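S.K.: Chain by chain, the residues run as shown.
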Amino acid sequence: MATFLGINLFGLFGQLLVGLINGSFYALLSLGLAIIFGLLKIINFAQGAIYMLGAFGAYLALQYLGIGYWAALIVVPLVVGLLGILMERFLIRPIANEDHLYSLLLTFGVALVLQGLFTHMFGSSGLSYAIPDALKGGTKLPFMYLPNYRAWIIIASLIVCVGTWWMIEKTKLGAYLRAGTENPALMQAFGINVPLMVTLTFGFGVALAGFAGVMAAPVYSVSPDMGSNILIVVFAIVVIGGMGSIGGAIITGLGMGIVEGLTKYFYPEASNTVIFLVMVVVLLIKPAGLFGKEA
Amino acid sequence: MSTTRPEKIRINDLHAFYGESHILHGIDLSIGQGELVTLLGRNGAGRSTTLKAIMSMVGRRTGSIVINGTETISMPAHKIAHLGMGFCPEERGIFSSLNVEENLMLPPAVRSDGVSVEEIYDMFPNLYERRYSQGTRLSGGEQQMLALARILRTGANILLLDEITEGLAPVIVQKLAQVLLQLKERGLTILLVEQNFRFAAPIADRHYVMEHGHIVEEVYAHELEAKTELLNTYLGV
Numbered sequence: 031m032a033t034f035l036g037i038n039l040f041g042l043f044g045q046l047l048v049g050l051i052n053g054s055f056y057a058l059l060s061l062g063l064a065i066i067f068g069l070l071k072i073i074n075f076a077q078g079a080i081y082m083l084g085a086f087g088a089y090l091a092l093q094y095l096g097i098g099y100w101a102a103l104i105v106v107p108l109v110v111g112l113l114g115i116l117m118e119r120f121l122i123r124p125i126a127n128e129d130h131l132y133s134l135l136l137t138f139g140v141a142l143v144l145q146g147l148f149t150h151m152f153g154s155s156g157l158s159y160a161i162p163d164a165l166k167g168g169t170k171l172p173f174m175y176l177p178n179y180r181a182w183i184i185i186a187s188l189i190v191c192v193g194t195w196w197m198i199e200k201t202k203l204g205a206y207l208r209a210g211t212e213n214p215a216l217m218q219a220f221g222i223n224v225p226l227m228v229t230l231t232f233g234f235g236v237a238l239a240g241f242a243g244v245m246a247a248p249v250y251s252v253s254p255d256m257g258s259n260i261l262i263v264v265f266a267i268v269v270i271g272g273m274g275s276i277g278g279a280i281i282t283g284l285g286m287g288i289v290e291g292l293t294k295y296f297y298p299e300a301s302n303t304v305i306f307l308v309m310v311v312v313l314l315i316k317p318a319g320l321f322g323k324e325a
Numbered sequence: 448m449s450t451t452r453p454e455k456i457r458i459n460d461l462h463a464f465y466g467e468s469h470i471l472h473g474i475d476l477s478i479g480q481g482e483l484v485t486l487l488g489r490n491g492a493g494r495s496t497t498l499k500a501i502m503s504m505v506g507r508r509t510g511s512i513v514i515n516g517t518e519t520i521s522m523p524a525h526k527i528a529h530l531g532m533g534f535c536p537e538e539r540g541i542f543s544s545l546n547v548e549e550n551l552m553l554p555p556a557v558r559s560d561g562v563s564v565e566e567i568y569d570m571f572p573n574l575y576e577r578r579y580s581q582g583t584r585l586s587g588g589e590q591q592m593l594a595l596a597r598i599l600r601t602g603a604n605i606l607l608l609d610e611i612t613e614g615l616a617p618v619i620v621q622k623l624a625q626v627l628l629q630l631k632e633r634g635l636t637i638l639l640v641e642q643n644f645r646f647a648a649p650i651a652d653r654h655y656v657m658e659h660g661h662i663v664e665e666v667y668a669h670e671l672e673a674k675t676e677l678l679n680t681y682l683g684v
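Sequence lines, in order, name chains A and B.
Position in the first sequence (from 1) plus 30 gives the number in my numbering.
Position in the second sequence (from 1) plus 447 gives the number in my numbering.
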């Protein structure tokens with residue numbers, strides 16, 4: 031067994047890999063939350079349920095429509111994004127002028143309804159979704175065995191995260207989004223259709239969660255509670271990174287995945303709580319979050 | 448004066464509300480093409496609200512606002528700019544998450560013959576030098592230049608400018624007066640909310656005096672001397 035200073039490198043790298051995989055999902059989910067929060071100023075509690083919807087979407091598309099993994103990776107986020115658009119237009123917008131607490135509770139309700147519905151239809155034991163043929167197998171690296179699908183998760187989510195960051199920070203479309211986040215009334219006066227922008231942004235943020243769900247289907251069990259389990263951790267990550275920072279959401283998501291992985295190796299008992307510990311420390315030292323702007 | 452020119456803005460019996468508060472109580476005004484008209488009055492008289500009501504940035508508005516011959520009272524807010532309107536808010540509205548150039552390029556073109564970016568950088572060389580700085584890192588004067596340049600680039604030919612000289616050094620105020628005169632020569636129509644009467648008097652064609660959400664007086668440039676006493680009473684100078 032390969033060891034270095036008494037550390038089992040196979041074990042360490044193995045846990046780091048698991049951490050990076052989890053971190054990839056954290057990054058995708060917190061990115062969607064950050065985008066939605068930026069423009070709509072609401073915390074979308076349904077983000078986890080939508081992630082679950084993405085995974086079920088992939089499963090159902092394969093079972094009933096014969097749509098395979100690769101097509102699902104495109105189609106499911108689009109369908110989920112469309113559902114998000116309908117949700118914003120017909121549920122969130124009517125109460126947009128009320129206290130944001132109402133929309134938060136509304137999205138929480140949507141999450142409970144979705145989770146209940148899927149538990150009723152599919153039970154809570156979880157379903158399995160096969161890894162696509164092209165990504166079966168793995169590569170043997172000096173200190174670890176790297177399954178191809180896991181490498182794909184990291185690469186694909188990095189591409190999507192960096193692409194989204196680039197779109198928001200470096201393009202004209204992103205400038206509209208950033209400016210709309212700061213001063214929507216003035217953007218309207220400049221001739222920008224802000225309500226449409228809000229709807230599309232919500233759709234996009236939700237589609238990111240749908241995408242994460244499809245990616246997750248082959249590695250995690252497809253089950254109705256997969257969303258609520260991950261969402262609590264993602265909220266802690268959003269608090270650590272600071273609400274509203276796009277780059278911060280991505281870096282913190284990946285970083286916390288790695289922190290969790292390392293803890294699993296060095297002190298497994300703490301691995302489920304370490305992120306919350308980090309959250310407490312960050313809140314004490316920098317209440318606005320690592321990348322948040324101080325109010 | 449306005450009768451001989453094509454009418455760009457005509458407002459009849461405009462009322463504006465923020466929630467329960469009734470701010471404008473039946474405003475009537477008219478501005479012809481190429482005119483530079485000011486709204487004078489004390490703080491809280493409803494001058495800024497008049498501009499915001501024209502842009503549909505108030506809670507509710509009733510009456511009639513015709514821009515370039517189009518009734519806009521029930522138009523969605525984001526369509527009003529596309530009638531050729533450019534709005535420069537009192538707080539300038541420079542976006543801190545955008546750099547200078549992004550701020551400049553942000554508002555979509557509303558007409559085809561806007562001032563080109565080269566011309567803008569010629570007019571305001573400081574903006575060119577600092578084009579990659581964060582928008583809100585500029586000095587107050589530079590931010591004001593940017594807020595003005597931003598709407599000139601869109602091709603807007605009716606400008607609503609809210610307190611553009613507020614808190615700026617005299618040399619910058621002079622520069623702004625020059626710019627406004629240049630714009631007037633180009634045929635742009637300007638409605639200016641201004642506290643600084645000495646800035647407004649030499650460049651404006653006409654003044655409306657507001658008090659408690661009403662227009663109480665209309666003063667032409669050539670009547671200024673005769674009506675100085677009256678203006679002083681209204682403005683409390």
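What the hints contain is simulated information worked out from the structure, not anything from laboratory work.
Keep in mind the model is a prediction, meaning the values are calculated, not measured.
The beta-carbon is built from N, C-alpha and C at its ideal position, and this holds for glycine as well.
You may find that some hints are simply not true.
Straight-line distance between alpha carbons at most 30 Å, and here's what the computed DSSO-like set of lysine-lysine pairs gives [as the list claims (entries may be wrong)]:
1. A/K323 to A/K71
2. A/K200 to A/K323
3. B/K674 to A/K71
4. A/K170 to A/K71
5. A/K200 to A/K71
6. B/K631 to B/K674
7. B/K526 to A/K200
8. A/K316 to A/K200
9. B/K674 to A/K202
Quick partial rundown of chain B residues pointing at chain A, CB under 10 Å, derived from the structure [claimed, not checked]:
10. Y465
11. K499
12. M502
13. G516
14. I520
15. H529
16. M532
17. E549
18. M552
19. S559
20. G587
21. Q625
S.K.: Each hint needs a verdict: does it hold in this structure or not?
M.R.: Comparing the hints with the structure gives:
| no. | hint | result |
| --- | --- | --- |
| 1 | A/K323 to A/K71 | 15 Å, holds |
| 2 | A/K200 to A/K323 | 20 Å, holds |
| 3 | B/K674 to A/K71 | 51 Å, violated |
| 4 | A/K170 to A/K71 | 46 Å, violated |
| 5 | A/K200 to A/K71 | 22 Å, holds |
| 6 | B/K631 to B/K674 | 25 Å, holds |
| 7 | B/K526 to A/K200 | 26 Å, holds |
| 8 | A/K316 to A/K200 | 28 Å, holds |
| 9 | B/K674 to A/K202 | 50 Å, violated |
| 10 | Y465 | 12 Å, violated |
| 11 | K499 | 8 Å, holds |
| 12 | M502 | 4 Å, holds |
| 13 | G516 | 18 Å, violated |
| 14 | I520 | 16 Å, violated |
| 15 | H529 | 5 Å, holds |
| 16 | M532 | 8 Å, holds |
| 17 | E549 | 5 Å, holds |
| 18 | M552 | 7 Å, holds |
| 19 | S559 | 14 Å, violated |
| 20 | G587 | 18 Å, violated |
| 21 | Q625 | 25 Å, violated |
Hint check: violations occur at hints 3, 4, 9, 10, 13, 14, 19, 20 and 21; the rest are consistent with the structure.
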